[in-house]
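Q: So the chains spell out like this:
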Amino acid sequence: MTTATAPTRLLEVEHLTMRFGGLVAIDDVSFSANDKEITAIIGPNGAGKTTVFNCLTGFYKPTVGRLTLHHPKGDFLLEQMEGFRIPQKASVARTFQNIRLFPQMTVLENLVVAQHNVLMSASAFSLAGLLGLRRYKDAERESIELARYWLDKVGLLDRADIDAGNLPYGDQRRLEIARAMCTEPVLLCLDEPAAGLNPKESAELNELLLFIRDSHKIGLLLIEHDMSVVMKISDHVIVLDYGCKIADGSPEAVRDDPNVIRAYLGEDEDEELPPEVLADLKIDTPKPQNMPGSE
Amino acid sequence: MSEAQQSIRTETFNIPAALKDAFLTAFVMGALALPLAGFRIGEQGGAFFAEQRMDWVLIAVVAGFIGRFFLSLARVSLAPRIAPPAGAFFGGIGSWLHTNMVLMSGLAIIAAVILPFLPFTDRLILDRAIYMLIYVMLGWGLNIVVGLAGLLDLGYVAFYAVGAYSYALLSTHFELSFWICLPLAGLFAAGFGVILGFPVLRLRGDYLAIVTLGFGEIIRVILLNWYTVTNGPDGISGIARPSLFGLMEFTRNPKEGVVAFHEFFNIPFSGEHRMVFLYFLILALALITNFFTLRMRKLPVGRAWEALREDEIACRSLGINPTNVKLSAFAIGAMFAGFAGSFFATRQGFVSPESFTFIESAIILAIVVLGGMGSQIGVVIASFVLVLGPEFIRELQEYRMLAFGGLMVLIMMWRPRGLLAYRDPTIRLWPVKSKGARK
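Each protein sequence line maps, in turn, to chains A and B. According to our numbering, the first sequence holds residues 1 to 295 in order. According to our numbering, the second sequence holds residues 1 to 439 in order.
Calculated directly from the structure, the hints in this document are not laboratory data. Heads up, some of the hints might be wrong.
With the Cβ distance kept under 7 Å, some of the chain A side facing chain B (calculated, not the full set) [stated by the list, open to error]: (1) Gln80; (2) Gln88; (3) Phe102; (4) Thr106; (5) Val113; (6) Asn117; (7) Met120; (8) Ala124; (9) Leu130; (10) Arg134; (11) Ala160; (12) Leu210; (13) Phe211.
Calculated lysine-lysine pairs in the DSS-like style (CA-CA distance at most 27 Å, straight line) [to be verified]: (14) A:Lys137 - B:Lys298; (15) A:Lys217 - A:Lys200; (16) B:Lys298 - A:Lys153.
C-beta: ideal position from N, C-alpha, C; glycine also.
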């Protein structure tokens, strides 16, 4: 329907507010994410990034706000849906900051469990499955093929039958993304996918995420601290600080935004920062006038 | 593993520490023994007197001291030599059993089938075998809830009671036959499983265990006190014995119009016929439970049970409805308990609340945990150890339960994840590597 040059809105977040008692974790944040694009949410620790994710994926009910997902099947108002229905009906998948695999199940089983709803209806709530009807067997074969496809993409094909908990950390991260993709989402939310990865793994992750965006034509929402990931692959960056949105735009524009620099580096612009902090932030110097305009 | 062993081996025996430990134990022992064993209340000529037994206290203190000292000694010198080989022994048996699963289960089923026809099989052995098979079936049923879905259920006996009383009441009031009551009892028990499931949906772990424990007690107390329906502590007697699918009866003088088993086959009447029939009935019921569970494990719902055990939050993020998954586990587990309960009622011909106390739940749970959570063959072995074990050590008399407890502690020390902790993947991408050909 739409061409690649004119992106369509996939997710619209309007006036999202989340209060925990007296604490305002997110304060009137509005943003939107486009289909077939990678939208990154960045911000210092405690800025409310994961809370935004938890609202989007139904783990929290937002205090105020509207979260609209423009799904091919129609619009879904995520804030009104029960937690498990968001991935089931609205096809929003997510990963977690601290990996949540099924550690004592094999890699393949993890990916097949992700296709639970498809398989459940194919097995007619276990009846067809118990009787061993062809209908279920075909569905199971298809689910294995989908799992095999993603295992191949994340490079875990030869480890399909070992327990997920025995995988190295980086593999577990990629498996979690593969598992989320096995639910065939329209929006994939990744909570710090590069955390704890070495530079090589991080580069592989970039490729995987770009592949997902370009080949599967879905929208990605990304929380990330690793600026090498954010700056290289995101099409759009949103910056949160203390629950408020302080910047929104292209990676280059956000990087030069004085508000963002202040949020990351502190109020005093003349303050000299230790070199390792600067290296972490991948910003050459805290002074805006010395910043490169673009990459 | 090997590093941990190394560190245990190199640990030297610290005499002052062991002595200090032993003194402390002796002190605690003395403090406990003084009020418990130090005095004996006697009665003479209508007057009470307290007899001092300080020698008993002394014996307890000395025994505590020596016992603790040698335990410290044994932990350093003996345990590292015994525990790993013992653990490896059971682990070896476990993996061997699992690699030869088809052969072993085939042999076990054949052995179970020919057992009643073996020359040395008498009434007692058959009775014990039936008794054990009930626990095997209950263990397999509870394995769905605890082993697969990871929901710690301490009130499983409640569903067993519901099944038994359903059959007892339906049979005595409406004279329905066993074969009609059996599915009904399973249905009622499953209904109770759902009733229990709803309030505990949000609970997990210890909290879930407490609520299920309470539920088990509620059912027992209702059975005990609702006299008009359940006949209270007197129980329900005169429950119909099962017939051979309504065709024949196992009685000497059958009812009008019904053929007796011995008349039909023209053999002399023997009480053992019914026994053998009951044996095959529970064997079939237990095997159905087993095959059903094995099949469910490989279906989406079974995988969802296991996924729920592993991580509920991840399940929700994949669009799995935790409510449905939990309720189905509770309902199916309860259904098998209901079947077992109605078998229990028909075997005994009598049910009373006494048969459904907490200790039954504890034994069934112990069978599942000891066998290795989720391991089907582990349940059989654990039932053998826990149900028939106390029979074998009857000579120990009142020390039987002590020995039983000690045995369980030892098994849990050597095999903390159960005798046969092993999980077979429900689905494989690659064929199983042949033995020896390791990567």
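Q: Hey, Lys137 (chain A) versus Lys298 (chain B), does the alpha-carbon distance stay inside 27 Å?
A: Satisfied, since the Cα-Cα distance of roughly 11 Å is no more than 27 Å.
Q: Would you settle whether the hint for Ala160 (chain A) is holds or violated, based on the nearest Cβ-Cβ distance to chain B being less than 7 Å?
A: 4 Å, holds
Q: Tell me if Phe211 (chain A) is really an interface residue toward chain B, meaning its C-beta lies closer than 7 Å to one of theirs.
A: Cβ of Phe211 (chain A) sits 21 Å from chain B, so the hint is violated.
Q: Mind checking the CB of Met120 (chain A) against every CB in chain B and telling me if the closest is under 7 Å?
A: 5 Å, holds
Q: Is the interface hint satisfied for Arg134 (chain A)? The criterion is a beta-carbon contact with chain B at less than 7 Å.
A: 15 Å, violated
Q: Hint check: is the beta carbon of Gln88 (chain A) less than 7 Å from a beta carbon of chain B?
A: With a closest approach of 3 Å, the Gln88 (chain A) hint holds.
Q: Going by Cβ atoms only, is Phe102 (chain A) closer than 7 Å to chain B?
A: 4 Å, holds
Q: Asn117 (chain A) was flagged as interface toward chain B. Is the shortest Cβ-Cβ separation under 7 Å?
A: Since the shortest Cβ distance to chain B is 5 Å, the answer is holds.
Q: Given Ala124 (chain A) as an interface hint, is its Cβ closer than 7 Å to any Cβ of chain B?
A: 11 Å, violated
Q: Return the status of the interface hint for Val113 (chain A): holds when the least beta-carbon distance to chain B is below 7 Å, violated otherwise.
A: Holds: closest Cβ of chain B sits about 5 Å from Val113 (chain A), inside 7 Å.
Q: So, Leu210 (chain A) near chain B? Judge it on the closest CB pair being under 7 Å.
A: 23 Å, violated
Q: Does the nearest C-beta of chain B fall within a distance shorter than 7 Å of the C-beta of Gln80 (chain A)?
A: Because about 16 Å separates Gln80 (chain A) from the closest Cβ in chain B, which is outside the 7 Å limit, the hint is violated.
In the structure shown, a violation is registered for the earlier hints numbered 1, 8, 10, 12 and 13, in ascending order.
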